[in-house]
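Student: Keeping their order, the protein sequence lines are chains A and B. As numbered in this note's numbering, residues 1 to 151 make up the first sequence, in order. As numbered in this note's numbering, residues 1 to 140 make up the second sequence, in order.
Treat the hints loosely; a few may be bogus.
[Stated by the list, open to error] Label pairs and their calculated CB-CB ranges:
1) B:Val137 to A:Pro63: 43 to 53 Å
2) B:Asp46 to A:Arg59: 20 to 30 Å
3) A:Arg66 to B:Pro114: 18 to 28 Å
4) B:Thr68 to A:Trp69: 44 to 54 Å
5) A:Met1 to B:Leu138: 51 to 61 Å
6) B:Glu62 to A:Met1: 16 to 26 Å
Think of the hints as simulated: they come from the structure by calculation, not from any bench. A virtual CB, placed ideally from N, CA and C, is assigned to each residue, including glycine.
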Amino acid sequence: MREIVAALLTGFLFGLGLCLSGMTSPAVVQGFLDIAGDWNPALLFVMAAGVAVTFIGYRVLVPKSRPLWASGFSLPTATAIDAPLLSGAAIFGVGWGLAGYCPGPALVSLASGRTSVIIFVVSMLAGMILVRWMRMGGWAKMKGTPAEELP
Amino acid sequence: MHPYIAAAIGGVLIGISAVMLMALSGRIAGISGIIGGLLPPKPVTDRSWRFAFILGLVAAPEILRALTGDNHIGPPTVGTASLILAGLLVGAGTTLGGGCTSGHGICGISRISPRSIAAVATFMVTAVVTLFLVRHVLGG
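Next comes chain B alone, as it looks inside the complex (with noise of 0.2 Å):
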């Protein structure tokens, strides 16, 4: 299957099943807040279906895996120090700023949401500055 098009059934996949937890359950699938509600300090007292939903993202690569003999997860591009500083700022940027590619990007961008749209236009921008400033400027 051509890469487009498998990233499009993925887009669907994606948004079908946004649609279903709104239709279903009515709530956002951000990843970024359903994992956040697990934490510290006072995590939320609604924990057990955060918990099924971070099971089922897991399950699907070992699933597909046992279907098609391929997880499709790739290795990382970067070393340990650079996962690490990624990590911290993945991690507090999506609380601070309240989503991430899928709260934010599908979800909130579906409903129209100014800022939603304000979030996606800045991460877009500053991840494409840093990646351009770590591999042509620094040359990384």
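The shape of chain A in the complex, shown without the other chains (with noise of 0.2 Å):
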């Protein structure tokens, strides 16, 4: 229940910060990616304060041994960085470019119940099931052939 609780308010943070950041707006996203034109610092601003916060709240606030409201820290085990992650971000940095909407923006939008931003976020969506349905083996499960012998 705890886990419940503590998700709600952080994502409610999370939101809020998205909105005031000015990131639930495209165009001041796209302000930012858009070097050539009439650039906009704005989004840098909320990279290096959220990136400050985070950097010092990790170290100073966060208790080293467990989480304060969970049994143990869920944490990235992965540390190559392999072809899967750097084309996984380009791809991602394409599509960011294209729509200035990430997923954390996109989502919030929602609540405008904008037609538009509700056909953005089902795309999202459908991309993120068509790569872990790719993952699970894809074609290859559908054929029969254990994905462990694909090349």
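Work from the hints to combine the two standalone chains into their complex.
Tutor: Next comes the structure, spelled out in structure tokens:
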């Protein structure tokens, strides 16, 4: 139950931060990414402030042994800078530049009820499902070939 | 309020959220990962906190609007075809690359994760190049 309260509260703060920062306006996000146009550095302030608080907070406020309301930490274990990481990041960047939405602001913008935002989010979920499905074997699995045997 | 100050305050709130989620639940505040775990095939078993986080996320602009009269949500800048293509790319890319602007950008950089730093550098470059091509070369 406490984990639900923590998630609800942190989700709310995160959403509030995205709204106040201007990241829920694709025009502001693209204004930052469009370095050859009328450049808007606002996003730099979001990133700098966000990273500064998180960097210090992770070291000062997060208990070393275990989280306050959970039995352990759930941290990423991968360390390799590999092809999926770089190609995935590259693909994400193309989509982000094109529309000015990354996952967080897109979800928050659902609150506006705009059909266009719903279309973006549904497409995003479809892209996520597609990659998850391919990772679990995808076509090969449907044809009966174990994924491990693929090149 | 000056937009840069509002941007910094927004960044601080995002940071506080990320620190709280780590301190209380031991989790990374990565939006693409939080959503991804709910999706097929094989959704994860710890779904409740993910739904709660998303509920909080979507409630934020509503409460902001109730308090200030403005939900701070801007309109899309591109048409439906571009939104569909961009949505697919954002969804597929963040899942393949294991994170987005929040998980890799805010949390990963703060953990000084080489993977996240490489990811952020990569998506920043492709985002800037994409927008440059669309706006200044193709003349979108």
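Student: Would you mind marking each hint as holding or not holding in the structure?
Tutor: Do the hints match the structure? See the list:
{"no.": "1", "hint": "B:Val137 to A:Pro63: 43 to 53 Å", "result": "51 Å, holds"}
{"no.": "2", "hint": "B:Asp46 to A:Arg59: 20 to 30 Å", "result": "26 Å, holds"}
{"no.": "3", "hint": "A:Arg66 to B:Pro114: 18 to 28 Å", "result": "25 Å, holds"}
{"no.": "4", "hint": "B:Thr68 to A:Trp69: 44 to 54 Å", "result": "31 Å, violated"}
{"no.": "5", "hint": "A:Met1 to B:Leu138: 51 to 61 Å", "result": "52 Å, holds"}
{"no.": "6", "hint": "B:Glu62 to A:Met1: 16 to 26 Å", "result": "24 Å, holds"}
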